[in-house]
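Going down the list, the protein sequences come from chains F and X.
Under the working numbering, the first residue of the first sequence carries the number 1, and numbering increases by one thereafter.
Under the working numbering, the first residue of the second sequence carries the number 1, and numbering increases by one thereafter.
Because identical chains share one entry, a pair is satisfied inside a single copy or across any pair of copies.
Simulated pairs of lysine to any residue, SDA-like, Cα-Cα distance not exceeding 25 angstroms:
hint: 1; residue 1: K149; residue 2: L181
hint: 2; residue 1: K149; residue 2: F179
hint: 3; residue 1: K4; residue 2: D238
hint: 4; residue 1: K4; residue 2: P246
hint: 5; residue 1: K4; residue 2: N98
hint: 6; residue 1: K149; residue 2: R183
Keep in mind the hints are simulated off the structure, nothing from the lab.
There are 2 protein chains.
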Amino acid sequence: MTGKLWIVGLGPGAADLQAPRATAALAAATDLVGYGTYLDRVPPHAGQARHPSDNREELARAHHALSLAAAGRCTALVSSGDAGVFAMASAVWEAVENGDAQWRRLDIEVVPGISAMFAAAARIGAPLGHDFCAISLSDNLKPWDLVAKRLNAAASAGFVVALYNPLSRARPWQLGAAFVLLRSLLPGSTHVAFATAVSCPDERIDITTLEQADPARADMRTLVLIGSMATRRIEGPDSSPWLYSPRWCAA
Amino acid sequence: MTGKLWIVGLGPGAADLQAPRATAALAAATDLVGYGTYLDRVPPHAGQARHPSDNREELARAHHALSLAAAGRCTALVSSGDAGVFAMASAVWEAVENGDAQWRRLDIEVVPGISAMFAAAARIGAPLGHDFCAISLSDNLKPWDLVAKRLNAAASAGFVVALYNPLSRARPWQLGAAFVLLRSLLPGSTHVAFATAVSCPDERIDITTLEQADPARADMRTLVLIGSMATRRIEGPDSSPWLYSPRWCAA
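Please build the complete structure, drawing on both the sequences and the hints.
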């Protein structure tokens, strides 16, 4: 068991938002494992084996990475953003818990990254400047009733909400249903931001309101931020607004 | 108005967890503004002016940084972790909204960073692998009733909870009160982690349970993570456990 497994967050997309520790791990690895689109962001190193896989195969990918490390390879398993946020780190420990007993003795290191939610927030202003939560809208892995319960709890208690996995071909209605639910809890004037492909060349940010928010604006690369009732809008230069959530909250 | 204001997150502490974009902004700035302890983490550059300030003076510090930028200086305002998370970015827009009308035309850029919560999670395993929220326990800026309401909502709806600002000399009782409240909502066996000075030489991680959690373990540099009922513990090598929250949740 001389292998190693790094679980590496690449950050949101731009090379200069990737931590040097991640860059070093990716250069030192003998093997890279990950969703092909993410692996394409890692520059090639001589003698390094690459194992791209399809999306939505998280557990199989975790098994593969653990098997390589157990066989003595120095393996980097890559995620976009931060690997601990709706990404590969959790799948790895699920595989460890239910897999080969030897895997518990492996040298596993998570290299944190700049998450999509904080990269998006930075482009929008400071919408996450007060208490906030993150909810994945994917109901592949949990029942929709639970998503709805959490949206209800978060909005009712005044959290700003970051929605991950808002929409995909296989999950076309969830974001619309979330907006319908949130409109029953929050004023129509509540600020909403769509942040797509943050820090990438095709980045697109749109700031709107809950009343006007169109679920069709989102895609798989979009993070949706729902302000709290305290979140405020300031008109910035060139008519691009900023959103921020004040640090304080009145009684 | 040719100045510039970068609001820069330095990451949790280790130099190799600071984004290259942050490093570049800090090198390009003519002026650095920030809490002295954070400024000390920035290597000196010739000809650069440094404006350290005391802690807890966020709004005055934001005014200072905006004034420098408005005077044509290229100013970097530094925060630890991510500047948008219970840090300086929100204070800047609060100052913009209520300050000199010209400040709205300034070139302001937030450079995101690796937040304390994700750096802590990476050291612990994948405790934030499922829906989660972040709550500041400081009641300087909001009433305790609201903190309690949010703890209640988060724990009842099955969020993992990251507690920022758990304890300070001026706020000695809040974390204890939070534990008492959470014990009325969650089993005593719920996993709890204390993560202090993550990625720094004096880093200290302790994993315990809600029943056993001692508020006195926390200090100003500690992040406290409260698992959900789904969060699991795996014994790792050298008897250091991992915590992870599974991606899925049963109905």
